[in-house]
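A.B. asks: Position chain B relative to chain A; hints supplied.
Protein chains: 2
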Amino acid sequence: MGLIKGYLPILEWGAKYNSKTFSNDMIVALIVTMMLIPQSLAYAILAGLPAEVGLYASMAPLIMYAIFGTSRALAVGPVAVASLMTAAAAGQLASQGTPEYLGAAVALAMVSGLLLIAMGFLKLGFLANFLSHPVIAGFITASGLQIAAGQLGPVLGIHAEGESFLDIVISLWHTISGTHLITAAIGIGSLIFLFWVRKGLKPLLVRFGLREKMADILVKIGPVVAIILTIVIVAGLGLADKGVKIVGKVPGGLPKVAMPPLDFALWMKILVPALLISIVGYVESISVALTLAAKKRQRVDPDQELIALGASNVGSAISGGFPVTGGFARSVVNFEAGAETPAAGAFTAVGIALVTLFLTPLLFFLPKAALAATIIVAVMGLVDMKALKHAWSYSKTDFAAMAVTILVTLWKGVEAGLIAGVGLSIFLHLYRTSRPHVAVLGQVPGTEHFLNVKRHEVITDPGILSIRVDASLYFPNARFLEDTINNAVAENPDIKHLILVCPAVNTIDLSALESLEAINLRLKDSGIKLHLSEVKGPVMDKLKDTHLLHALTGKVYLTQFAAVSELRSELASEEFKITGGPMCYCTPPSDPS
Amino acid sequence: MGLIKGYLPILEWGAKYNSKTFSNDMIVALIVTMMLIPQSLAYAILAGLPAEVGLYASMAPLIMYAIFGTSRALAVGPVAVASLMTAAAAGQLASQGTPEYLGAAVALAMVSGLLLIAMGFLKLGFLANFLSHPVIAGFITASGLQIAAGQLGPVLGIHAEGESFLDIVISLWHTISGTHLITAAIGIGSLIFLFWVRKGLKPLLVRFGLREKMADILVKIGPVVAIILTIVIVAGLGLADKGVKIVGKVPGGLPKVAMPPLDFALWMKILVPALLISIVGYVESISVALTLAAKKRQRVDPDQELIALGASNVGSAISGGFPVTGGFARSVVNFEAGAETPAAGAFTAVGIALVTLFLTPLLFFLPKAALAATIIVAVMGLVDMKALKHAWSYSKTDFAAMAVTILVTLWKGVEAGLIAGVGLSIFLHLYRTSRPHVAVLGQVPGTEHFLNVKRHEVITDPGILSIRVDASLYFPNARFLEDTINNAVAENPDIKHLILVCPAVNTIDLSALESLEAINLRLKDSGIKLHLSEVKGPVMDKLKDTHLLHALTGKVYLTQFAAVSELRSELASEEFKITGGPMCYCTPPSDPS
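Protein chains in written order, with this note's numbering: chain A, 1 to 593; chain B, 1 to 593.
Simulated from the structure, these hints should not be mistaken for lab results. A few of these clues could be false.
[Stated by the list, open to error] Derived Cβ-Cβ restraints for the label pairs, each shown as a range:
| # | chain 1 | residue 1 | chain 2 | residue 2 | range |
| --- | --- | --- | --- | --- | --- |
| 1 | A | P538 | B | V350 | 55 to 61 Å |
| 2 | B | Q92 | A | W392 | 39 to 45 Å |
| 3 | A | P261 | B | A551 | 52 to 58 Å |
[To be verified] Looking from chain A toward chain B, a few residues come up when the C-beta cut is under 7 Å (computed):
| # | residue |
| --- | --- |
| 4 | F126 |
| 5 | H133 |
| 6 | D301 |
| 7 | A391 |
| 8 | S395 |
| 9 | H437 |
| 10 | P445 |
| 11 | N452 |
| 12 | P476 |
| 13 | N506 |
| 14 | L510 |
| 15 | E514 |
| 16 | G537 |
[Unchecked claim] Straight-line distance between alpha carbons at most 20 Å, and here's what the computed EDC-like set of lysine to aspartate or glutamate pairs gives:
| # | chain 1 | residue 1 | chain 2 | residue 2 |
| --- | --- | --- | --- | --- |
| 17 | A | K123 | B | E482 |
| 18 | B | K389 | A | E514 |
| 19 | A | K199 | A | E212 |
| 20 | B | K389 | A | E517 |
| 21 | A | K396 | B | D545 |
| 22 | A | K389 | B | E482 |
| 23 | A | K20 | B | D541 |
| 24 | A | K396 | B | E415 |
| 25 | B | K386 | A | E514 |
| 26 | A | K454 | B | D541 |
| 27 | B | K396 | A | D545 |
| 28 | A | K396 | B | E514 |
| 29 | A | K386 | B | E482 |
| 30 | B | K396 | A | D541 |
| 31 | B | K123 | A | D483 |
| 32 | B | K389 | A | D525 |
Quick reminder that beta carbons are idealized off the backbone N, C-alpha and C, glycines included.
Looking at chain A on its own, in the form it has when it is part of the complex (with noise of 0.2 Å):
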């Protein structure tokens, strides 16, 4: 029973569902439902689908994610970056406006979910670890960048497109000239309108009294009253006549339920764009369900997380839609506006549905123009290049990765920027630690401690060199193992014991060990022993059985003071046998006293 909890948390708030959780919950469905409308729609055509594929995106997907999720306020549907996303992979292989192209956009959803699931079931969340957060901060910003230059297009009424940034601005640059005016004039005003909403409108609401958290959640329905005001005025006018391209007719009633087809070639042609698309996914929709939940000390487990997207996209394929992840904006409004329990979302589906049902007749002469501001205005707030400025204070290879993954996508598209800044920060990782930071150790007088010569006031014994590697001895760095002691060995002739340092050695891969089996012969050859200390239990378990062990010249230690304190006593006895016995250590005779 605790394992069908687990996986079906929906039998864990469900038991304690009554009248009040319910009422509550159909409130914030209503004014969800009011903001996912115009976003819906706006995503689609983004991701290049007819506007009713965002509906039907909007829809199974909430009501899957509230049986499986376990995240109280993540409301998942369209979000910009997987439709750009989406987009980019289906254009690949069709022209927008085929079936081809819907039938890769549902595949793309339908491979992503099961992706996910998968990923839920082997525990593998890790992967959404590669994307480090320079590389996904870059991503989004370039995405967002794209996106709103992508939308420019509609709102000035000209056709101006690309599979990048730089292609859509050099397209925008070759057609800016035949901008249609009537188009321009309602683009830019519902920009106008929009930005005003987001920066005027609540300082206004709450001069007028209402709270502050009200105000707020009013400000995300923005979006519906443009989109109301602008279909008013193309309609009454007639502007669709003079050259205003409108939604037109948007076929109504629900998704005709059935499995996407089990075309296996498709499949293999989307696998890494719907693994990037899964993983970028899964990164935004679990930051934004650990940051509401961490503000209600609620729990939210990533290994259910990944099966709950992964059954919303899957959910979404089955209904004719396409990716969808967690959305930041819709779940901070759903938190805000006091979600319980996931069944919000659920009644959010169902009003979905009831628009669905009833309302796409009156969306026939939204102007494109319009959505495509409520694009604009929602992408701005991905733009965010302070991060650049806070990544170059701390780390140049951090600032290197957001930097390249942002040009790359800039330039070439979403799919070779993530692909980019990934390799790159693995790259840049490895080739760090291929160069590990090396320190000749001291002993803190009056303590056991031992510290690097460089930084701090210590004692060293003439006879014995201790090194400390800072870093997992393992393929990159073995090599640079073997130089750094040959080294240390060339510039200090006279030492009879060489203390290799251990506590930063977390793994000894076997090229390492080969290599610390050629350093233990040389050095043999130079008359001096290698000894080890502070060998972690892990590494020391795996060394214990190996060649290295049986041939090594010196011992093994516990910790370095043990190391240092029984070699300087076994230098100080073969001194004494040198020197002859106690006599040098006596007064001498000649001591007038």
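C.D. replies: This is chain B only, laid out in the frame that chain A set:
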């Protein structure tokens, strides 16, 4: 001058050259020339090229290495694995026997050479480290198997080819019924003779009174004898007319020296295979050079070796040759025969030049079966299945990397195998680092040391939790860190202080920094102070100006002992306040004493 000498080691040994070293080097050159002739021809044919190209690739590279190389004994030229990789890469662009195929092979040498030189100047030798020991061992074993299988066709007089071991075996299966008996007699006869030379001849020579080393060297000349014998047999019995495939006319004369065409489109196409050939060749070459140098306590400069090997390949390309590298067997012969300076290599080049000028007509009747036999015997030494067992017993991940490299190479060919091996070893490394070892620490009684509570008898304090993460904190484990600390706090609800003990933390990247900030905030909400101890110098330098250190609820301690000592007395004085002063520490009044 020092800089010039660094890049031109010839200036160093050239100044000390005299008649004794000269005569010594001449004798070495004679022996190595005899060994190189059959190898050059055989590896050219293995690479799918005309036999004379092998001779071309054995002249200029030797002279270039003599000028730029730092090893006294390394002999460069065509080798088995690089020849196989050349065939795989050129075969993707053109058919064997066409001028385009030869052009691709020459371009591979050129691009490899330029890449190696660039890597040398940019000190990018660390790239070679990405080929971990298990991957390179697995790759060489699989390549050896593929080469041996591929030569069974010529040995049996059948046409069995393929891009991978598997393809070749399937092809052999289908064609073996067409075995040409006379060819097979020559081929298998050569094989038996060559194996006998390897195993049986040396003891015989030693019994006849030869010094062991001399016997070793004579054994290496066995292939020349096999070639002369089979030429005589084929020519004498007119076997070429009976269907035995012969080398045929080998154009005499020195190669024309000319820059290969600057065909950048072609160069881009072969960039990846050229890079793989460069790195595999370099790893092979530098290992041989280091092994031999260590025996005579000579120095080898890894970066200069990149330049030398690069110059050798450029030399090969401009004299119409294909990729070369330092070969193990021939370098050992060079070393054992007593090569005193790199001039021995230059004299070997002269020897090959004389053969090319005057002896090529003698090669007309050389049966291809005999050449194939020399290759099979040479590469069987590359196959080392024991390494698999060794890897299994030490580390399952290293074993997995080796096994996957072998299997993918056998199944899909050399490039796929190498890429899979390198990719998998990097992935496995990152996976391991993403779930690092974590230990809760306690104090070893009577010392300042803190060790894992699960492995040692240690003292812990009820209000303090000390956690040591045995890894650098960076993006693959940033989320794991958050999960770990959340769980640890949930399991220890009474703690007031959490100390993150960082002796194994070598870097903290931006992702981990942001995770630490989040952890600090969450712990603050739970009334727990976060402290850091044993933060290393370089890590502390980076943390100094960050938001984390300003917002940190606790302190940073130099040692874990200092941290626990201070927090203990802090907790004690709080206890003191709560329990109402010193009373509880006094003898209670009711005490009868």
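A.B. asks: It remains to establish, for every hint, whether it holds in the given structure.
C.D. replies: Here is how each hint holds up against the structure:
no. : hint                          : in the structure
1   : P538/A <-> V350/B: 55 to 61 Å : 57 Å, holds
2   : Q92/B <-> W392/A: 39 to 45 Å  : 42 Å, holds
3   : P261/A <-> A551/B: 52 to 58 Å : 53 Å, holds
4   : F126                          : 5 Å, holds
5   : H133                          : 4 Å, holds
6   : D301                          : 10 Å, violated
7   : A391                          : 6 Å, holds
8   : S395                          : 5 Å, holds
9   : H437                          : 5 Å, holds
10  : P445                          : 14 Å, violated
11  : N452                          : 6 Å, holds
12  : P476                          : 5 Å, holds
13  : N506                          : 4 Å, holds
14  : L510                          : 4 Å, holds
15  : E514                          : 5 Å, holds
16  : G537                          : 5 Å, holds
17  : K123/A <-> E482/B             : 16 Å, holds
18  : K389/B <-> E514/A             : 15 Å, holds
19  : K199/A <-> E212/A             : 14 Å, holds
20  : K389/B <-> E517/A             : 18 Å, holds
21  : K396/A <-> D545/B             : 15 Å, holds
22  : K389/A <-> E482/B             : 25 Å, violated
23  : K20/A <-> D541/B              : 54 Å, violated
24  : K396/A <-> E415/B             : 33 Å, violated
25  : K386/B <-> E514/A             : 15 Å, holds
26  : K454/A <-> D541/B             : 14 Å, holds
27  : K396/B <-> D545/A             : 15 Å, holds
28  : K396/A <-> E514/B             : 16 Å, holds
29  : K386/A <-> E482/B             : 25 Å, violated
30  : K396/B <-> D541/A             : 14 Å, holds
31  : K123/B <-> D483/A             : 14 Å, holds
32  : K389/B <-> D525/A             : 29 Å, violated
Hint violations for this structure: numbers 6, 10, 22, 23, 24, 29, 32, all remaining hints satisfied.
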